[in-house]
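Please put together the full structure from these sequences, using the hints given.
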Amino acid sequence: MKAVVALVLLGVLLSLDRLAAQRAKPDQDRDRNQDQDRNQDQDQHRNPNDRNTHSDETEPKKKKKKNQPHIIFILTDDQGFNDVGYHNPSIKTPTLDKLAAEGVTLENYYVQPICTPSRSQLITGRYQIHTGLQHSIIRPSQPSCLPSHMDTLPQRLRQAGYATHMVGKWHLGFYRKACLPTRKGFDSFFGSLTGSVDYYSYGSCDGPGLCGYDLHDDEGVAWGQEGKYSTTLFTQRACKILESHDPTERPLFLLLSLQAVHTPLQTPKSYIYPYRDMANVARRKFAAMVSTVDEAVRNVTYALRKHGYYRNSVIIYSTDNGAQPFTGGSNWPLRGRKGTYWEGGVRGVAFVHSPLLRRRRRVSKALLHITDWFPTLVGLAGGNASESEGLDGFDVWPAISEGRESPRQEILHNIDPLHKPPAQTKDWDASGPKKTKKKKKKKKKKVQGKEMKKQKPKQKSAFRVKTTKKPPGPFSRRQSEPKPEVPKTEPETGVRPRKQRPPRRDPRREFSSSGAPPATSAARPRPGSPSRRNASRIQNQNPTRSRPPGPDPELQLQPRYQNASRPAGSPWDPSVQAAIRVGDWKLLTGDPGHGDWVPPQVLPTLPGRWWNLEFPRTSTLKNVWLFNITADPCERRDLADRRPDVVRRLMDRLAAYNRTAVPVYFPPDDPRADPSRRGGAWAPWVEDGVDGEEEEGRYDGVYKKGRSGKKKRKKPRCPLCKLKSFFLKLNTGMMSNRI
1 MKAVVALVLL
11 GVLLSLDRLA
21 AQRAKPDQDR
31 DRNQDQDRNQ
41 DQDQHRNPND
51 RNTHSDETEP
61 KKKKKKNQPH
71 IIFILTDDQG
81 FNDVGYHNPS
91 IKTPTLDKLA
101 AEGVTLENYY
111 VQPICTPSRS
121 QLITGRYQIH
131 TGLQHSIIRP
141 SQPSCLPSHM
151 DTLPQRLRQA
161 GYATHMVGKW
171 HLGFYRKACL
181 PTRKGFDSFF
191 GSLTGSVDYY
201 SYGSCDGPGL
211 CGYDLHDDEG
221 VAWGQEGKYS
231 TTLFTQRACK
241 ILESHDPTER
251 PLFLLLSLQA
261 VHTPLQTPKS
271 YIYPYRDMAN
281 VARRKFAAMV
291 STVDEAVRNV
301 TYALRKHGYY
311 RNSVIIYSTD
321 NGAQPFTGGS
331 NWPLRGRKGT
341 YWEGGVRGVA
351 FVHSPLLRRR
361 RRVSKALLHI
371 TDWFPTLVGL
381 AGGNASESEG
391 LDGFDVWPAI
401 SEGRESPRQE
411 ILHNIDPLHK
421 PPAQTKDWDA
431 SGPKKTKKKK
441 KKKKKKVQGK
451 EMKKQKPKQK
461 SAFRVKTTKK
471 PPGPFSRRQS
481 EPKPEVPKTE
491 PETGVRPRKQ
501 RPPRRDPRRE
511 FSSSGAPPAT
521 SAARPRPGSP
531 SRRNASRIQN
541 QNPTRSRPPG
551 PDPELQLQPR
561 YQNASRPAGS
571 PWDPSVQAAI
581 RVGDWKLLTG
591 DPGHGDWVPP
601 QVLPTLPGRW
611 WNLEFPRTST
621 LKNVWLFNIT
631 ADPCERRDLA
641 DRRPDVVRRL
651 MDRLAAYNRT
661 AVPVYFPPDD
671 PRADPSRRGG
681 AWAPWVEDGV
691 DGEEEEGRYD
701 GVYKKGRSGK
711 KKRKKPRCPL
721 CKLKSFFLKL
731 NTGMMSNRI
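Position 470 of the sequence shown, counted from 1, bears residue number 470 in the numbering used here, the numbering being contiguous throughout.
These are calculated hints, taken from the structure and not from any lab test.
Cβ coordinates follow ideal geometry from the N, Cα and C atoms, glycine included.
Each pair of labels, with its calculated beta carbon distance range: (1) 403 to 677: 52 to 58 Å; (2) 636 to 677: 49 to 55 Å; (3) 209 to 361: 50 to 56 Å; (4) 663 to 268: 44 to 50 Å; (5) 225 to 362: 38 to 44 Å.
As structure tokens, this is what we get:
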């Protein structure tokens, strides 16, 4: 009994001692911290240089505490909306399907319709109207590249402590060394500098007789790689980077920019066999190239798991533009193709796969754009995107990871003042579409029919009117006619029949009269206020985003681009190629490109039922289209005539964006770019320094290839006949080359 009591007393004494020690520990720690701070202050007072050394030593520890994720961005080329397994089961992409199913599939994600603009917006986070790359791509012989004064995504990530590497296609200019990837923030680069390269020989041509070798390692030419398939070669280099880097010491940013599935259609024969049942040869080869991409992603994902990256990594998969159906791609059921501003050209395939996602295994309908990756990835890296001036992107990680609402409410697809459409027969007025009277139209048909009859008697009059009619001049009789009065309360009554019921309006989706969403709309300035004259300063007040100012009353009096076909009172010149989306609405002006609905693939017999059903049949040429993309994602119901109020508001937004645009930079070919002058390889040909800076600002963007002083007489042609002939020849070639 005494022994038990003694043990109990001993336990009580030990617990009291432990409690006293715990109470005394905070005081000891506080005293110890005070002593350390006092000693540190004394050391810094004795030698100021020691303070810098101490901060440098503790900096890696701070970065390690942030647990910065490894970022793997996989970018494909020309992969269409219907060219992935989870959209089309006939395409075998098990790896992509699994990664997308376990992550977040982005089904409302937009890119640009061609290569250079998409890549420039990914790297800079700015719209192409703010980089001067509004028109076309950068060809190998053009002295053009990204603006030298803009920071890039790899530069900002490298400032945050990342190791940055790029493998694959660059296509953002290389006429001087300052344009190379290694001078734009990447620690290493292995790949091609031009846009279209042979998958085995790595030859690239810019016209007949102007060809060269295009495979580079950092800033030198990587000779001796002929015969190796580029997708396999690029994947091997990416895996080698993952193997040589230590994921515990420094975070990694890897941009794997695959050349596939861009033309030429080349792939090992073993990948073609699973698609042997496809009748179309081009489609068969294209699908096989998609399978090589799927295998590349599988190998990279395996390397991430093997070398310890995966648990703290973010994998982003994206295409750079829509597919070209006549070379095997498919955007079905979306309208349009690569190079157009229809949904088939700008809506991209994309997903995010990461163990760091809070809500996985879902489909995101959040509105996203390729410019959003810049601030999103900088924010993931622990950086501050506000330090980059003029960004057009948003930090959309909460929308991707947690399913929150996207901060983006509108997208400017582009404004290209150098791209002019063919002659228009329908103008747009401030009150709606403006048509000519029937009597005048018949009179013009008769006159032009006689003129065409003299030139080419066998041609039908239906095509004569379309090909020879010119747009009205600024003082034409059409513009001098009085405008029809439209009631202010019911703007649609002038264009919609009385029996037809107008569509329901959702006030939450309607944007204000300024054309902007309610969250971003600003009060309209009064006439004569200083804010109108200094509207350009708004951009400097918010350096993180170059959002255009609200609509200005002076936009109608002082437009940036004036054109003879501009109707009086319109806020925007409808002949200028432009496209914008605000909320559910999408507006296209000018020439958006071929607007057909191409089926899953071109059928072996043409023309047929597909030809009659899937091609748009319009009696007159247009230059204004309006669609509700949410209700009509395939753009089959044009609402421009029914909703002139929405058209006007979106035109206000285009005019506001246009005020922030920089001049187009599209220089002519430089004969010094000839690869024969550099051993047969494409490489920089302008020296850095004063010469390079002068070359960068030499042209004002009015150049067009093949321009000469003599005007060539254009022969009248039949577009429909030529198009049918093209389809027949294309189909004949495909069937004759059947494997």
